[in-house]
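Peer 1: Use these hints to put chain R with the ligand onto chain A, whose structure you have.
Top line first, the protein sequences correspond to chains A and R. Here the working numbering is used: the first residue of the first sequence is 1, the next is one more, and so on. Here the working numbering is used: the first residue of the second sequence is 1, the next is one more, and so on.
Don't take every hint at face value.
[Unchecked claim] Quick list of simulated restraints, FRET-style, between CB atoms: (1) 128(R) x 135(A): 41 to 49 Å; (2) 72(A) x 21(R): 33 to 41 Å; (3) 72(A) x 145(R): 14 to 22 Å; (4) 221(A) x 70(R): 36 to 44 Å; (5) 123(A) x 116(R): 53 to 61 Å; (6) 4(R) x 111(A): 31 to 39 Å; (7) 204(A) x 67(R): 37 to 45 Å; (8) 218(A) x 130(R): 37 to 45 Å; (9) 126(A) x 141(R): 19 to 27 Å.
[Stated by the list, open to error] Covered, in the sense of this in silico footprint (three residues per stretch, anywhere, with C-beta under 8 Å from a C-beta of chain R), are these stretches of chain A: (10) 145-157; (11) 260-273.
It should be emphasised that the hints constitute simulated quantities derived from the structure, not laboratory data. We treat Cβ as the ideally placed atom computed from N, Cα and C, and that holds for glycine.
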Amino acid sequence: MPKLKIASYWASACGGCDVALLDLHERIVDVANAADIVFWPIATDFKYADVERMPDQNIDVTFFNGAVRNSENEHLAHLLRKKSKVLVAFGSCAHMGGVVGLGNLFSRKEIFDAAYTNNLSTENAGLTMPNLETKVPEGKLTLPEFYNTVKKLDQVVDVDYYLPGCPPNPNRIFEVFGAIVAGKLPPKGSVVGASEQTQCEKCERKKSEKKIPGFKRLATAQPDAETCLLEQGFLCMGVATRAGCEHRCQKSNTGCRGCYGPPPGVYDQGLKALSAIASVVDADDEATAKAMVDAIPDPARYFNRFSIAASPLHRRSV
Amino acid sequence: MTFEPKIVGFLCNWCTYTGADLAGTARIKYAPNVRIIRIMCSGRVDPAFIVKAFAEGADGVLMGGCHPGDCHYINGNFKTFRRMPLLKRYLQQYGIDEKRFRLEWVSASEGDRFAAIVNEFTETVRALGPMQIGHEGVVAPQATEGTAKPVQDHVKHHAEPRKSVQATV
Ligand code: FES
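Isolated chain A (complex conformation) (with noise of 0.2 Å):
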């Protein structure tokens, strides 16, 4: 059998979901012997113009990561989408927009405000801002636009498969890859690498009638480690998210973010979550449920960390 033809790419990403490829640690040698990577710009020295050289769908498949921001970005997923026989949404920012879709709360010019004039650590008297083109002495420079809203991967192009998690297990990760490598991947469109059960379904904590006594924060409070964290107080997002990451954040004492994404048939992570949670608030007035509630100070930040991109809402209408 010939060699398979792998390629990873990131967009708008903070690069951990290629350090979780990474991190399959001495199993990448067996990722090696059975497939060709022939793009992956964080570990080799590919440019985009040999991926344009390239003939269509020779890539067997692309693990795409990070959201599309700007235009370089939404340039390399159709081109990529164009060279792969399979396209891989990789991790939460291509699955849902990620915390990068978290800026979809804000406008450019907020952001670029915050960025580049408004912060407390930034002298910009000049006010030099990001220009798509600048001339210099030798020429031109140019930057790629930075778009006002952040699109999900397949918002932009067709997807054939979700793999979630900020960033994916690479226990997931290598199964997932065992599985092309099989030619046993599900039905297209599918989410792999992921339970279809929630979180809650499989996490080992107790639990007793669900009954928020009031919330609490981690960062004045310490959660006792065998109870569910929701019992106790400190939020978590095991409620509406996939298992299938190991309860990485539960082990280290600390609620689910919710980067595996919401289980088969939900209408948004984030509303189900704050349905579950909220409706299970110790308050039986309410003023007191409001008090109680008041005590999220964030909820479309919280309830959306890694979906707002992917909710029914997108962005902050103006």
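Peer 2: Chain R with the ligand alone, transformed into the frame defined by chain A:
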């Protein structure tokens, strides 16, 4: 054409829906803008239903349930009053004015009150205008041209100690 607000109303079967029915049988005239969806209990309304209404074109959403203590299922509406204040803030963060979502307890005997609420809410939403989900507003184009500062300037700038930051160690 004048703007007629589209309002979706989720009304519980046992109180608010019956109240709306009473408004009808009593022939009270009120704004026709609310599209009523009957649900068994306000506690059955997942916040997702409300967001879906907005995402699919509603300009306002009205939620009606029994007064706390009167819920047919004893405490179904406790879930409602626990969820809705949080949802309200969530919607605001997405740019949906809190006045576009209204939660009211209306009993089966309050037909006139139901009509008054609908009239008032319709006018509130009318004044706010149409809701456009995902609307970006007017986006100023990113500056296309600029001239970089000479590199030496940057070097000099960073070589100088910052006046505003005081060493504390
Ligand atoms: S039945 Fe009316 S609110 Fe529960």
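Peer 1: Run every hint past the structure and note whether it holds.
Peer 2: Structure-based check of each hint:
Distance hint check: the CB atoms of residue 128(R) and residue 135(A) are about 46 Å apart, consistent with the given range 41 to 49 Å. For the pair residue 72(A) and residue 21(R), the beta carbons lie near 58 Å from each other, so the given range of 33 to 41 Å is not met. For the hinted restraint 14 to 22 Å between residue 72(A) and residue 145(R), the CB-CB distance of approximately 19 Å keeps it satisfied. In this structure the hint that residue 221(A) and residue 70(R) lie 36 to 44 Å apart at CB holds, the actual value being about 37 Å.
At roughly 58 Å, the beta-carbon separation of residue 123(A) and residue 116(R) lies within the given 53 to 61 Å, and the hint holds. For the hinted restraint 31 to 39 Å between residue 4(R) and residue 111(A), the CB-CB distance of approximately 36 Å keeps it satisfied. Look at residue 204(A) against residue 67(R): about 42 Å separates their beta carbons, and that is inside 37 to 45 Å. Under the hint 37 to 45 Å, the C-beta atoms of residue 218(A) and residue 130(R), about 42 Å apart, fit the expected range.
A C-beta distance of roughly 21 Å is found between residue 126(A) and residue 141(R), which places it inside the suggested range of 19 to 27 Å. Under the rule that three or more residues need a Cβ within less than 8 Å of chain R, the assignment of the stretch 145-157 of chain A holds, with 4 such residues. Note: the stretch 260-273 of chain A has 5 residues with beta-carbon separation from chain R under 8 Å; the three-residue rule is met and the coverage holds.
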